[in-house]
Amino acid sequence: MIGTLPRRRFRIEPYVEFAKRAIMREATYRFDVFTSIASFAIRLYLLKTVWTALYAHNPAPQELSLPAILTYSTVALLMGLVMDIDQTRALHERLREGSIATDFMKPISVPLYFFAEGTGEVLFHAVLMLPSLVIALFLVHVDVPGPAALAAFALSFLIGYLVGFCINFILNCTAFWTLEISAGQMIVTWVSDLLGGELIPLVLFPPALQAVVETLPFAAMFSTPLLIYVGTIGPDEYLRAFASQVFWFVLLAGISTLMWRAGAKRVVVQGG
Amino acid sequence: MAIIETVELRKVFRSIVRSPGIAGAVRALFSREYEEKVAVDSVTMTLAEGELVGYLGPNGAGKSTTIKMLTGILVPTSGAIKVAGVVPHRNRQANAANIGVVFGQRSQLYWDLPLRESFELLRSIYDVPRDRYRQNMAHFSEILGLDEFMGTPVRQLSLGERMRGDFAAALLHDPKIVYLDEPTIGLDVEAKEAIREFVGRINRERGTTVILTTHDLADVERLSKRIILIDEGTVIYDGTLARLRTEYGTHRTLVVTLAETYEEFAVEGGEIESREGNIVKLRFNQRRLSAETMIRRLLDRYSVSDIAIIEPEIESIVRRIYREGYNESAVGSPS
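Residue numbers (our numbering), protein chains in the order written: chain A, 427 to 698; chain B, 120 to 454.
Worth flagging that the hints you see were computed from the coordinates, not collected in a lab.
Since the model is a prediction, treat every value here as computed from it, not as a measurement.
Just so you know, not all the hints are guaranteed correct.
[To be verified] Simulated restraints, written as ranges between beta carbons of each label pair:
{"hint": "1", "chain 1": "B", "residue 1": "L278", "chain 2": "A", "residue 2": "W616", "range": "37 to 45 Å"}
{"hint": "2", "chain 1": "A", "residue 1": "F460", "chain 2": "B", "residue 2": "Y153", "range": "51 to 59 Å"}
{"hint": "3", "chain 1": "B", "residue 1": "R438", "chain 2": "A", "residue 2": "V459", "range": "50 to 58 Å"}
{"hint": "4", "chain 1": "B", "residue 1": "E351", "chain 2": "A", "residue 2": "T604", "range": "27 to 35 Å"}
{"hint": "5", "chain 1": "A", "residue 1": "G610", "chain 2": "B", "residue 2": "V136", "range": "50 to 58 Å"}
{"hint": "6", "chain 1": "A", "residue 1": "W616", "chain 2": "B", "residue 2": "V136", "range": "31 to 39 Å"}
{"hint": "7", "chain 1": "A", "residue 1": "V459", "chain 2": "B", "residue 2": "R325", "range": "51 to 59 Å"}
{"hint": "8", "chain 1": "A", "residue 1": "E439", "chain 2": "B", "residue 2": "T165", "range": "30 to 38 Å"}
{"hint": "9", "chain 1": "A", "residue 1": "F436", "chain 2": "B", "residue 2": "G319", "range": "35 to 43 Å"}
{"hint": "10", "chain 1": "B", "residue 1": "G198", "chain 2": "A", "residue 2": "G610", "range": "50 to 58 Å"}
{"hint": "11", "chain 1": "B", "residue 1": "E430", "chain 2": "A", "residue 2": "S525", "range": "24 to 32 Å"}
{"hint": "12", "chain 1": "A", "residue 1": "V560", "chain 2": "B", "residue 2": "P139", "range": "58 to 66 Å"}
[Claimed, not checked] Just a few of them, taken from the derived set where beta-carbon distance is under 10 Å, the chain B residues facing chain A:
{"hint": "13", "residue": "M164"}
{"hint": "14", "residue": "T165"}
{"hint": "15", "residue": "D231"}
{"hint": "16", "residue": "R242"}
{"hint": "17", "residue": "G270"}
{"hint": "18", "residue": "P272"}
{"hint": "19", "residue": "L276"}
{"hint": "20", "residue": "Y298"}
[What the hints assert, rightly or not] Stretch by stretch, here's where chain A covers chain B in the computed footprint (C-beta under 8 Å, at least three residues):
{"hint": "21", "stretch": "171-178"}
{"hint": "22", "stretch": "248-260"}
{"hint": "23", "stretch": "407-421"}
Yeah, the Cβ is synthetic: ideal placement off N, Cα and C, and Gly gets one too.
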């Protein structure tokens, strides 16, 4: 009979501990820290060279001047330090190893556990943004917008992060059925790199392609916050931009929930 | 008082029928044809609080499936199940707080972090009071010798060290029940002994109920009085080890060292198992003949320098039951 027992009191403490342990684990791979900062610097230098050369030999598009696009690229790379992490990869790893069973044997909410793990990992990498920013300031000139635009950018970045989280979570959930997700993940990474505006601002795309991009969630991850930062999306368009991001977040969060339920049910009925 | 109770517990897995090849794989995407596999057919058992029970069966008999249902991560197809007053799959988290689990083949420790960190994490997951945590850690460290490798990342531990860590991890929150799934697999003799000693002490001193599945019957002989044998998803024996031995161990063996060399050697009622030089192994049915009669017959005809009696090994008894099935009528008949 359900309800014969008092509901277990929810405690946040274990999830904070999960996040802390994830930070500690990431910190044990110190070499990764240096390579990721070094790769940031190299990519930034390459982007600067390519954009400068392109702008020198072509008429500048009216949407973005050269300083604006360099700012755009730098901020995009900084965002990428956090956004390009697959926070929920622990889910598919544990499904593949079969160790998800031991997670279900603990008095915890399993999806919250993965969320906490991912948050810890992301927080650790967010710390890397600081030294990377210092390096960036030596390499390129970065414009800083006014406080209103900066605040709007921060909010938009946060929603974009949540959209990215859901996309990763959905991908990792497919491992409930397939165990392996690398092929699907590679395709999504290609598409989102290209159509999310991380590398090339979407405003520079031909109009037909831009129309396609608008029907996809990827622009909500990079393009929207970045265009707010560089001012292409002005204050009067903020609300519309947020609304579209929130739309994607709600839709993808719904899909995530359904995927998780179906997957977890499969584990308890089929034994994983 | 019963702490674990299952009644006609049953689990059937369904999988989509798939014909071989790519065409088969594609067809399987649309197929609604299922294949059913009965993993656990009917398991009824009752465990009293503080019992230590060996749960045995050949590979694929349904041991792990039963354990998974008891832990609440698998929903039974039918039948009733109650563990410490909780229906595990309905109240997974409440049940999880009552149990500890050790898998010989799988660790619940944090791979990349020092062992100590895993314990700290478990402390917070199970909300173990600090005092109790310190006491338990001190106690486990002493028995299991954890101090030597508390600061070592789990991935660098030897299998024996890791298993000791896993045992401490499973018992840190004073669970009422522990499930041990092949806990000594792959361990050397010394480590096996340390683990057995630990399980025995926990069961005796804390009154923890233990279900132990294993292929190493020495674990069971050493630790449990009661065993439950399962085959093809059904309980085929539930009782003491001693009863199984007397009912099923129909034969004993005399190991005889002859003082002289004899060309011919035969004893009425004895079957020669092997003969190497002057050492003869003589098997006899203990239901028909007493050891005394056998020895007297032997000594009447031969000059003997040494005699030893070998009891039937539980391992060979269990192997025979897996092969032939358990039935009461087999008792007393010659094999």
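Item to complete: Could you work out which earlier hints the structure fails to respect and list their numbers in ascending sequence?
Response: 5, 7, 10, 11, 13, 14, 17, 19, 21, 22 and 23
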